[in-house]
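Protein chains in written order, with the working numbering: chain W, 1 to 232; chain V, 1001 to 1299.
Hints are computed from structural coordinates only; laboratory data are not their basis. Please note that the accuracy of each hint is not assured.
Said to hold, decoys possible - Interface residues of chain V toward chain W, partial, derived using beta-carbon atoms under 7 angstroms:
#	residue
1	Met1006
2	Met1208
3	Val1211
4	Asn1215
5	Pro1268
Stated by the list, open to error - No farther apart than 30 angstroms at their CA atoms in a straight line, the calculated lysine-lysine pairs in the BS3-like style are these:
#	chain 1	residue 1	chain 2	residue 2
6	W	Lys7	W	Lys70
7	W	Lys75	V	Lys1058
8	V	Lys1173	W	Lys78
9	V	Lys1002	W	Lys72
10	W	Lys159	V	Lys1298
11	W	Lys58	V	Lys1295
12	V	Lys1084	W	Lys72
Claimed, not checked - DEER-style ranges, computed between Cβ atoms:
#	chain 1	residue 1	chain 2	residue 2	range
13	W	Asp138	V	Arg1012	45 to 55 angstroms
14	V	Arg1012	W	Glu53	41 to 51 angstroms
15	V	Ser1199	W	Asp228	43 to 53 angstroms
16	V	Ile1235	W	Gly65	26 to 36 angstroms
17	W	Asn131	V	Arg1012	25 to 35 angstroms
18	V	Lys1298	W	Lys214	26 to 36 angstroms
19	W	Ala69	V	Ser1199	39 to 49 angstroms
20	W	Asp67	V	Leu1007	51 to 61 angstroms
21	W	Met1	V	Val1185	56 to 66 angstroms
Computed from a predicted structure; not experimentally measured. C-beta: ideal position from N, C-alpha, C; glycine also.
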Amino acid sequence: MDLIRIKNVEKKYKNGVTAIYDLNLAIEKGSFVFVIGGSGSGKSTLIKMLYREEKPTKGQVIVGGLDVAKLKNKKVYKLRRKLGIVFQDYRLLPKLTVYENVAFALECIGEKKDEIRIKVLKALEDVGLKNKVHSYPDQLSGGEQQRVAIARAIVNDPKLLLCDEPTGNLDPDRSMEIMKVLDDINKSRGTTIIMATHDKDIVNRMKKQVITLKDGHLVNYKQKGKYDNEAI
Amino acid sequence: MKPFRMLIRSIRDAFKSVIRNFSLSLASISCITITLIIVAIAVIASLNVQNFTKVIEKDMTIVVFLDSDASEEDADEVENQIKKISNVSEYTFQTKQEVKERMQEESEVFNTVLENFDDEDSPLKDTFQVKVKKIEDIKDTAQKIEKIKNVAVVRYGEGMVDKMVTAFSSIEKVTYGIVVALILVTIFLIVNTIKLTISARKKEIGIMRLVGASNFTIKTPFIVEGMILGMFGSIVPILITTYGYVAFYNHFNGYLYSELIKLILPEPFIYQVSLIVLGVGIIVGMIGSSGAVRKYLKV
Chain W
1 MDLIRIKNVE
11 KKYKNGVTAI
21 YDLNLAIEKG
31 SFVFVIGGSG
41 SGKSTLIKML
51 YREEKPTKGQ
61 VIVGGLDVAK
71 LKNKKVYKLR
81 RKLGIVFQDY
91 RLLPKLTVYE
101 NVAFALECIG
111 EKKDEIRIKV
121 LKALEDVGLK
131 NKVHSYPDQL
141 SGGEQQRVAI
151 ARAIVNDPKL
161 LLCDEPTGNL
171 DPDRSMEIMK
181 VLDDINKSRG
191 TTIIMATHDK
201 DIVNRMKKQV
211 ITLKDGHLVN
221 YKQKGKYDNE
231 AI
Chain V
1001 MKPFRMLIRS
1011 IRDAFKSVIR
1021 NFSLSLASIS
1031 CITITLIIVA
1041 IAVIASLNVQ
1051 NFTKVIEKDM
1061 TIVVFLDSDA
1071 SEEDADEVEN
1081 QIKKISNVSE
1091 YTFQTKQEVK
1101 ERMQEESEVF
1111 NTVLENFDDE
1121 DSPLKDTFQV
1131 KVKKIEDIKD
1141 TAQKIEKIKN
1151 VAVVRYGEGM
1161 VDKMVTAFSS
1171 IEKVTYGIVV
1181 ALILVTIFLI
1191 VNTIKLTISA
1201 RKKEIGIMRL
1211 VGASNFTIKT
1221 PFIVEGMILG
1231 MFGSIVPILI
1241 TTYGYVAFYN
1251 HFNGYLYSEL
1261 IKLILPEPFI
1271 YQVSLIVLGV
1281 GIIVGMIGSS
1291 GAVRKYLKV
């Protein structure tokens, strides 16, 4: 079954720049997909449209049965509860500990305290940070901070995990650690993962599905794809 | 349980941020305090004015004297005319004899003097006693009655009383003007206080939105914060009203200038006023913070 269906989507920003032209895509449940492309290729826009940070100007974006384009501002939270999002800059709250940062996501949606405890510890275990629960973000390395962010994204057990250049700030070794964590999540929890990146190494080593974008056009969508320099 | 838990969280966050932005919170609270003191005085004054105008209104009558030679039919005709005036609420008719008897009962002196007159050459006149609905229009009504045929003289409590009533009502209007202006300034200050809180928590709000907090969850702490500011702002005005009014009442023994102007008893009046003050404080705080939330929190 398709978790995401994108039909004839066009995105034109208010300043007149068109980021995406007539995009058609279907992404299956449980898949792990890389979105690659150079700067300005539209990969960030694609990710943003999936969590309704941006609305498509034309066409339909359906995520888990919700028509994102038609979703009213007031109802955006319904979509957001179905997905987790990880950014390049981690976006952790500096005054909260690792545990509190992850728990924050559940507190915001009114989860019970004991329920929060169970879920948070499980998520931190999944990313391998169970021994750092009481540390503050500035006491952690970049890779560890990103793992906290991933734990926060998966703590609510979402169907979809969106990652916008999650390894952009990390060295190759840390990047591979993050990729291993994401791969584990994809396999053990069955979470669909969509990851925008321009890290050639990662794409070539992981051998996952690859969506290649260029100047807002879909160039190709391959199973077990490689980072195609020429296409970009 | 879930909404309750979220509410507790909102209140906790709101208190935290009141303390965090202490100086600006204090500015808002002081402004609310000043506004509410004036609101309290205005409310107390206007309720008292209303109270004693009602008392006066009850006592105010227009006395209509008919011509000495007016017949019974003439009296009926006058009655019909009075009935038609819209401001008239009720009236009673007394014939010469009735007036005479009443006056004789009232005083020994009248008794002996009036003894000497029989019905034919009585100096007394048939009278109507008319009560009005709206005291402001009493002059107008009296003039209308005066024009009726066979009416000799019309008397009502002209002078001091209605001048006082108009004076009080214009004071009331000015006070309300000041209150409205002050409330606007207060709202403006609260908007800015909450705006600061919002910008201090921008990152947190961004993350809340990403992890799927509903708009309601995001907004509530800020609105609660505004309400807390309003609540704190109403403490001093409530103390001033409560103790101030009791002292004022005792100092004047419950009357102002004359026995006619009776002050409202302090209990339960001060509690009602305190509740009004608290209510106004909280509502003003709420309006200010929802304004800020709408403007600066694009949810």
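Which hint numbers does the structure go against, in order from smallest to largest?
Per hint list: 5, 7, 8, 12, 13, 14, 16, 19 and 20 violated.
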